[in-house]
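In order, the protein sequences belong to chains A and B. The numbering of the first sequence is the UniProt record's numbering, which starts it at 1 and goes up by one. The numbering of the second sequence is the UniProt record's numbering, which starts it at 1 and goes up by one.
Some hints could be false.
As the list makes no split between identical chains, a pair holds if one copy fits it or if it spans any two.
PhoX-like mimics (lysine-lysine), calculated; alpha carbons at most 25 Å apart, straight line [what the hints assert, rightly or not]:
{"hint": "1", "residue 1": "Lys-51", "residue 2": "Lys-251"}
{"hint": "2", "residue 1": "Lys-74", "residue 2": "Lys-196"}
{"hint": "3", "residue 1": "Lys-120", "residue 2": "Lys-190"}
{"hint": "4", "residue 1": "Lys-321", "residue 2": "Lys-190"}
{"hint": "5", "residue 1": "Lys-321", "residue 2": "Lys-51"}
Source of the hints: derived by calculation from the structure; they are not laboratory data. Just so you know, these numbers come straight off a predicted model, no measurement behind them.
Here is what each chain is made of, one letter per residue.
Number of protein chains: 2
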Amino acid sequence: MQNLTVALDAMGGDFGPRVTVPASVQALSHFPALKVILVGDQSSITRELHKLGISEHARLSIRHTEQTISNNEKPSVALRHFQQSSMAVCLDLVAQGEASAVVSAGNTGALMALSRFKLKLLPGIDRPALVSALPTASNKRTWMLDLGANISSDADSLFQFAVMGSALAENDLSSQPRVAILNIGEEEIKGNDLVKRCAEMLSQAENINYVGYIEGNQLFNDVADVIVCDGFVGNVCLKTCEGTAQLFVDKLKNWMSTSSVRGWLLRRLLPDLFKELKTLNPDQYNGASLLGLRGIVIKSHGSADVTAFENAIGEAVHEVKRQIPSRISDRLETVLLERHY
Amino acid sequence: MQNLTVALDAMGGDFGPRVTVPASVQALSHFPALKVILVGDQSSITRELHKLGISEHARLSIRHTEQTISNNEKPSVALRHFQQSSMAVCLDLVAQGEASAVVSAGNTGALMALSRFKLKLLPGIDRPALVSALPTASNKRTWMLDLGANISSDADSLFQFAVMGSALAENDLSSQPRVAILNIGEEEIKGNDLVKRCAEMLSQAENINYVGYIEGNQLFNDVADVIVCDGFVGNVCLKTCEGTAQLFVDKLKNWMSTSSVRGWLLRRLLPDLFKELKTLNPDQYNGASLLGLRGIVIKSHGSADVTAFENAIGEAVHEVKRQIPSRISDRLETVLLERHY
C-alpha cells in the first residue's frame, strides 16, 4: 500500500500560505487518498484555513516551523543555516518515510541543494535533473530535461537524463518513449562534442528508443517523448518559450483592450485562448520534478497561483502512484547491465 | 562615395530564382542607389525577369555560373569543390571590390566557411558571429549573437561578439547600446564559467555599456540592445522562439478555421495579427548577418518568400550605408587600446 502523503512547503513561493493552503484544500478534494502535511508557520496556515471555513481536516496536518528560506539565499547558505526551514523539514519528512513527496514553490537552488543533501541520489545517478512536460500541438506532452538543475553536464549525465526521462514518460505511453537530443541541426554531422558523444551512447543502448536530434523549432511537434539537453541550454530554452508566449499574450491583449468594436468582439471571443496559452509555460502550470533522488521532489513556479500550485500537487500524486524513483532505478539497472555484458 | 552594389546568390534557398529575382526587382525600386548583380544560371534568371516583363534594367546585371551548392553539402566539401558556385562567386565579387555585400539564402554552413575563406576575418576577431534582430514588445529591436556560426565559444569570443553587436546597434540609438549576456539567472552568482568570465571582461570595458545578465523570458522586454551568447545556445534560443510562435499561430488558425460564428468573426478580426507575428521570427523575416568579416554577408532563411528575401537585401543596404565592418574595426581598436593601457 502506497503512502500517498505529500509534504507541502507552505511558506514557499511569492504568496506563501495564501496560495499553498487553498491549493492543498482543493487537492484534497480531488484526490480522496491524498494526505497533506503543511509545513510552516502554524498561525499563518491556520488563518488561511479559517478563511476557507476549515478548522480541522482528517487528511490535513500542520508541522510548525518558524524558519523560511528567502529567494536570495545561496544554496550553500541554505545548507548551512536553514536546516529547520519549512523546505528542509518537508525533505526530512520524506527522508524519514513520513511523506512520499515534497512540493515547494520556494528558492530553486536551495531546494536542489537540500534535496540532494537530505534525500541522496539514486545509485548510478551522478546528477539530479529538473524535468517538466512541454505541451505538443497534438495535445500530447514531451518531457524535457535538464531544465537547470546543473549549469553544465557531460555525456554520461545526458545519458542518465535520457534514462530518467524514459522512466517518467513510459507511464503515459503504450510504446517505448522516443528520446531525442536537443541540437542545433538535425544532421548527424552537426552539434558540439557533448551531443555527439551522447548520441553515440544512446544509439548503442538497446533499451532506449533513441530517435536522433531535434531542433528548437520542433519542440512542440510531437516528434519525441523525451528531449535531453544540458541544464544551461534547457533553462534558456524553457524561459524563451515563456518569453515568446508572453509576447504573444501581450500583443493579443493589446488588440483586445482597444475601445473599437474589434476590441469589444475579441474580448468576447478569445478568453478561453488565454487559459490554453497558460499551459504553454509548463513550469508555471504544472511544476517541474527533480529526478534522480531517492524521493519525489516537485518544484512549483514561485509565482504559481492556486490552480498552478494544485497542479504541482497533482504531479506529486501522479509520481507517487507510479513510484517514479524505483522505476528509474529499475530502468537504469537494465540499461547498465546491457552495457556491461 | 559608397559602392551600393549587392551580389545576390540567385540560386540559393528553397525557391531559387523564383524568389530571388522578383525580390531583387522590388529592392531596386525601393532603393534608388542600389545596384544588383544576380549570380547564377543565366537562363533561369532571365526567365524569371521575363515573367516580370523585364528584359533589361540599368542597375541589374547577371553573372553566369553553373555550379550551385545543395543544402546537404558539408562546409569542407563546399570549400574544396564549390569555388565556382553562385555563392562563392558572390563572395569573390565582394573580395575583389566589385560588390559591397552578399545576400544568400543558401547552405548556412557553406556560406560561413566560404565567407571566412574568401573575405577573411577583421583584425582582432577570432570567430565570426551570426546576428539577427529580435523585435521587442515596445517595437524596438534587440540584436542577438551568436546564433550558430560557432558551436562553442570562449569568453574572448563572447567579448568580441559584444563589441560587434555594439557597433551594429549604435546606429539605431542615440546612447551607448546596452549589452547583456544571456544566462540562466539574473543574479551574479549564477551561470557557467563562460558567462562569468565574459561578464568580468565586459564590466571592466569602459567603452561597452554592459548591463548584466538576461534570461530567456526577458528577450523581448527591451532591457538590452545587444544580447551575447555562444552559438549553440543562441541557435536553440532563436529556433525555440520560432517553434513557440508557430504553435501560437497554429492554435489561432485552428480557432479561426472552425465553421462557427466565432471562427467567422475571428477570420475577419485577426488577419493583421499574422503579419505582425511573422516579424517574431527575425531569421525568416529579415535575414541574419555574419559579422566579423572584411565584408558584409547577409544570410536569408532558406524558406524566405519574396518579401523576406527583399528584407534581407534591405539589411545589406543598411549595413553598407553604415559601413559596419569598419565600424566594428574602429570600435574593437578603441576597446582593445583601453584594455592595454
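Original post:
Hints broken by the structure, by number, lowest first?
Top reply: Hint check: 1, 4, 5 fail, others pass.
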